[in-house]
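K.L.:
So the chains spell out like this:
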Amino acid sequence: MENTSRITTRRMQSVWKKNVSDNLQKKTRPTEAIIQAFLFFCGVVSVLTTIGIVFELGKEAWLFFGNPDISVIEFLTGTEWQPKIGNFGVLPLLSSTLITSLIAMVVALPIGIATAIFLSEYATPKTRTILKPILEILAGVPTVVYGYFALTFMTPLLRSLFGNNTVDVYNMASAGLVMGIMILPLISSMSEDALSAVPRSLREAAYALGATKLETAVQIVFPAALSGIIAAFIIGISRAVGETMIVAVAAGSGPNFTFNPFEAAETMTGYIARISGGDLSYNTPDYNSIFAIGLLLFLVTLGLNFLSRAVSGRFREVYE
Amino acid sequence: MSQSDTHLFGEYSNDAVKHLVHQRHSRAKLARAIFRTATLLAVIFLATLLVTVLNKSMGYVVIQNKVDPATISDQPITQLTNAELAEILRTNLRKNRVRTLERAGFLEDQPHSTLVQLVQAEIIQPEVVESYNLMPSLLHRNQITAGAAVEHPGAHVEFRYWLNGQFLSNTMASQPELAGVRSALFGSLYLIVITVAVAFPIGVGAAIYLEEYASHNSRINRLIQTNIDNLAGVPSIVYGILGLALFVRTLQPLTSGAVFGIEGQNGRTILSAGLTMALLVLPILIINAQEAIRSVPDSLRQASYGVGATRWQTIWYHVLPNALPGILTGTILAVSRAIGETAPLIVVGASTFITSDPTSPFSSFTALPIQIYNWTTRPQPAFQHIAAAAILVLLVALLSLNAAAILLRNRFAKQV
Numbered sequence: 013m014e015n016t017s018r019i020t021t022r023r024m025q026s027v028w029k030k031n032v033s034d035n036l037q038k039k040t041r042p043t044e045a046i047i048q049a050f051l052f053f054c055g056v057v058s059v060l061t062t063i064g065i066v067f068e069l070g071k072e073a074w075l076f077f078g079n080p081d082i083s084v085i086e087f088l089t090g091t092e093w094q095p096k097i098g099n100f101g102v103l104p105l106l107s108s109t110l111i112t113s114l115i116a117m118v119v120a121l122p123i124g125i126a127t128a129i130f131l132s133e134y135a136t137p138k139t140r141t142i143l144k145p146i147l148e149i150l151a152g153v154p155t156v157v158y159g160y161f162a163l164t165f166m167t168p169l170l171r172s173l174f175g176n177n178t179v180d181v182y183n184m185a186s187a188g189l190v191m192g193i194m195i196l197p198l199i200s201s202m203s204e205d206a207l208s209a210v211p212r213s214l215r216e217a218a219y220a221l222g223a224t225k226l227e228t229a230v231q232i233v234f235p236a237a238l239s240g241i242i243a244a245f246i247i248g249i250s251r252a253v254g255e256t257m258i259v260a261v262a263a264g265s266g267p268n269f270t271f272n273p274f275e276a277a278e279t280m281t282g283y284i285a286r287i288s289g290g291d292l293s294y295n296t297p298d299y300n301s302i303f304a305i306g307l308l309l310f311l312v313t314l315g316l317n318f319l320s321r322a323v324s325g326r327f328r329e330v331y332e
Numbered sequence: 004m005s006q007s008d009t010h011l012f013g014e015y016s017n018d019a020v021k022h023l024v025h026q027r028h029s030r031a032k033l034a035r036a037i038f039r040t041a042t043l044l045a046v047i048f049l050a051t052l053l054v055t056v057l058n059k060s061m062g063y064v065v066i067q068n069k070v071d072p073a074t075i076s077d078q079p080i081t082q083l084t085n086a087e088l089a090e091i092l093r094t095n096l097r098k099n100r101v102r103t104l105e106r107a108g109f110l111e112d113q114p115h116s117t118l119v120q121l122v123q124a125e126i127i128q129p130e131v132v133e134s135y136n137l138m139p140s141l142l143h144r145n146q147i148t149a150g151a152a153v154e155h156p157g158a159h160v161e162f163r164y165w166l167n168g169q170f171l172s173n174t175m176a177s178q179p180e181l182a183g184v185r186s187a188l189f190g191s192l193y194l195i196v197i198t199v200a201v202a203f204p205i206g207v208g209a210a211i212y213l214e215e216y217a218s219h220n221s222r223i224n225r226l227i228q229t230n231i232d233n234l235a236g237v238p239s240i241v242y243g244i245l246g247l248a249l250f251v252r253t254l255q256p257l258t259s260g261a262v263f264g265i266e267g268q269n270g271r272t273i274l275s276a277g278l279t280m281a282l283l284v285l286p287i288l289i290i291n292a293q294e295a296i297r298s299v300p301d302s303l304r305q306a307s308y309g310v311g312a313t314r315w316q317t318i319w320y321h322v323l324p325n326a327l328p329g330i331l332t333g334t335i336l337a338v339s340r341a342i343g344e345t346a347p348l349i350v351v352g353a354s355t356f357i358t359s360d361p362t363s364p365f366s367s368f369t370a371l372p373i374q375i376y377n378w379t380t381r382p383q384p385a386f387q388h389i390a391a392a393a394i395l396v397l398l399v400a401l402l403s404l405n406a407a408a409i410l411l412r413n414r415f416a417k418q419v
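Those protein sequence lines, which keep their order, are chains B and W. If you use our numbering, the first sequence corresponds to residues 13 to 332, in order. If you use our numbering, the second sequence corresponds to residues 4 to 419, in order.
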């Protein structure tokens, strides 16, 4: 009885071993292979998207610069943007993009960092559970709503503060200020992540030496988190440069080479939105010009994103 | 004792030290107040934004009727019977119009509300000649009524919620008081369905590949990962330009429906917009899905391999069900991004004036944010009121989506 059972077991084992080697290990699994191929394809779609962006923008921009009336140098240094009469200088669009972004960062950076310090160093867990969702809501408000806010609240406010003669109905200041409010949650949440990542032991060491909370936050924690905060700053600029709806609604239409924030001036994104809003016919200088500006926009934001990653990677303080 | 105290701080005397400490503490208190104020600012900004929108979305309006209801009937028209309403319509409208209306059946047999609406829209024709925000409506009520009586004799003043049933059920119209968001709502809905249908499988697939199959050191996988991170930072309008060149122009036979025998459309369809939007939300979806998959404990996978499951069986039966709440949360976040995006839709070519609901993926379309943009940029003040109403619709949709995401997240957090 015992014997037969042992023999059966042994036989089963040998059969099983044979099956394993024959059926399992060498078995090709077509379904699994197909699935894996499909999943790989899904991963590649994102790469294809990037290639698509570079290819399409590049192709049309090439056509744009292939036009004998347009040179790259004139494009980058000209101060007049009037496609109708053949003036293609991108500086007016670029300058207003820079001014609105700069105003936005002046609003978003100090408030964002102060908020981040408050949330990570001062706030009780209960306060945080109330404040963080509020910031998330602020971050989730669609940009067209911010555009509406700029036009119906910020512009009238600025005009009543500085006078209707100083401030145009459409102006860069209003768009920039509201853009700052839009970017604020991004800056504060990224900075807060950086501050929270600083190990507790550093704070405790500072307290043990008798430092106040302020001294600990500003002289110990902040420098340790600086790389993350700079990265947040750069991402914020990148977001501001690419923001469309606020400037399309509130900053005015029509390129204007000016550094007065109370004047109307169209940004790069605003121009693209206005031109493509109408029924645009293909292969006209107008059509090609939005690709040239789009390419410039893509390169600027891509460069800023890379820079941000490089900063947070290189200057990060590593604690065990 | 006091002697050793002075020695403890070297050259500083006891009082000087106390003073210094006091100074440092008051500085710390001041800074704390500043940090708190800055944080409060964020709350104030959000409140101001909401108040601005609410303020614009209701208030007194001065309405001038083309025909005074009193000349039509002694009683208020809502209290009239069907027969009386039909009689009014017959006497006041052109014969051709009555015939068109009666094509479906006698006027008397139509629902009471329809008849009231017809009388309102076709005979009385109320027009908003003046509109006020909520604040002045509450504070200066008497001045508004007095001013209206002087400037618009025969007009009456009423309190109007711009966001009302009519606003939700009407299509776009050139008069702000008759315009509604129905076709825009359907357009947004269609858009979201296409976006999710395309982006969800690809996004989850990519996340599974990167987390479960790809070895983290191989060059191509690092490339894919970096690429996804970068795509998340590309401005939305650049996606719009890509959509214009790729889906609207190059793939026009497909996106206009010509391949499927649909004629007379160009590539500026819901399908083009949905595909563009899918590319836009893909990085968000992938990153969120990756996080969800990564949070599934390894022990589950090992147990599954231990009982002889293949890789795909492990993923399908064990990893995905456990990661699903996280993936769905990420999808909802992606949807709430897509629902509010305006810039790519403008570039891809959403129409701003459409009075019919979309019927297929190959319809030209409008969407909620497009309508908001369009109405915001109109110079007439009444359009700003309906823009505010449309913003409220959009915000309610977004808030419910986010609430759903938070609920899912909490349920998920309890499980693990």
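Source of the hints: derived by calculation from the structure; they are not laboratory data. Be aware that one or more of the hints could be misleading.
Subject to a maximum C-alpha distance of 30 Å in a straight line, what follows is the list of computed DSS-like cross-link-like pairs (lysine-lysine) [what the hints assert, rightly or not]: (1) B:LYS138 to W:LYS32; (2) W:LYS32 to B:LYS225; (3) W:LYS32 to B:LYS144.
Per label pair, the in silico range of CB-to-CB distance [stated by the list, open to error]: (4) B:LEU114 to W:VAL46: 21 to 27 Å; (5) B:PRO235 to W:TYR15: 26 to 32 Å; (6) W:PRO256 to B:PRO122: 50 to 56 Å; (7) B:LEU169 to W:ASN145: 23 to 29 Å; (8) W:ASP71 to B:VAL181: 33 to 39 Å.
If we take Cβ atoms under 7 Å as the criterion, some of the chain W residues that face chain B in the derived model are [claimed, not checked]: (9) LEU44; (10) ILE47; (11) VAL70; (12) ALA73; (13) GLN228; (14) ILE244; (15) TYR308; (16) VAL310; (17) ALA312; (18) PHE356; (19) ILE357; (20) LEU410.
Each residue gets a CB set at the ideal place from its N, CA and C atoms; glycine is no exception.
K.L.:
Each hint should be assessed against the structure and marked as holding or not.
P.N.:
Each hint tested on the structure:
For the hint linking LYS138 (chain B) to LYS32 (chain W), the alpha-carbon distance of about 21 Å falls within 30 Å, and the restraint holds. Straight-line distance between C-alpha atoms of LYS32 (chain W) and LYS225 (chain B) comes to about 9 Å, which keeps the hinted pair within the 30 Å bound. Restraint check for LYS32 (chain W) and LYS144 (chain B): satisfied, since their Cα atoms lie roughly 23 Å apart, inside the 30 Å limit. Between LEU114 (chain B) and VAL46 (chain W) the beta carbons are some 25 Å apart, a value that agrees with the proposed interval 21 to 27 Å.
In this structure, PRO235 (chain B) and TYR15 (chain W) meet the distance hint of 26 to 32 Å, their C-beta atoms being roughly 27 Å apart. Taking the beta carbon of each, PRO256 (chain W) and PRO122 (chain B) are about 53 Å apart, inside 50 to 56 Å as hinted. Distance hint check: the CB atoms of LEU169 (chain B) and ASN145 (chain W) are about 27 Å apart, consistent with the given range 23 to 29 Å. The beta-carbon spacing between ASP71 (chain W) and VAL181 (chain B), approximately 38 Å, falls within the hinted interval of 33 to 39 Å.
Proximity of LEU44 (chain W) to chain B holds as hinted, the smallest CB-CB distance being about 6 Å (cut-off 7 Å). The beta carbon of ILE47 (chain W) comes no nearer than 10 Å to any beta carbon in chain B, farther than 7 Å, and the hint placing it at the interface is violated. For VAL70 (chain W), the suggested interface contact is broken, since its CB lies about 34 Å from the closest CB of chain B, more than 7 Å. Nearest Cβ of chain B to the Cβ of ALA73 (chain W): about 37 Å, over the 7 Å cut. The hint is violated.
With a least beta-carbon distance of about 9 Å to chain B, the hint placing GLN228 (chain W) at the interface is violated under the 7 Å criterion. Because the closest C-beta pair between ILE244 (chain W) and chain B is about 4 Å apart, less than 7 Å, the hint holds. Contact between TYR308 (chain W) and chain B, as hinted, is not supported at the beta carbon level, the nearest pair being about 13 Å apart and thus beyond 7 Å. For VAL310 (chain W), the suggested interface contact is broken, since its CB lies about 13 Å from the closest CB of chain B, more than 7 Å.
Using the Cβ-Cβ criterion of 7 Å, the hint placing ALA312 (chain W) at the interface with chain B is not satisfied: the shortest such distance is roughly 11 Å. For PHE356 (chain W), the suggested interface contact is broken, since its CB lies about 12 Å from the closest CB of chain B, more than 7 Å. Interface hint status for ILE357 (chain W): violated, as the beta-carbon distance to the closest one in chain B is roughly 14 Å, over 7 Å. A hinted interface residue such as LEU410 (chain W) counts as satisfied when its beta carbon comes closer than 7 Å to some beta carbon of chain B; here the least separation is about 13 Å, so the hint is violated.
Violated hints for the displayed structure, listed by number in ascending order: 10, 11, 12, 13, 15, 16, 17, 18, 19 and 20.
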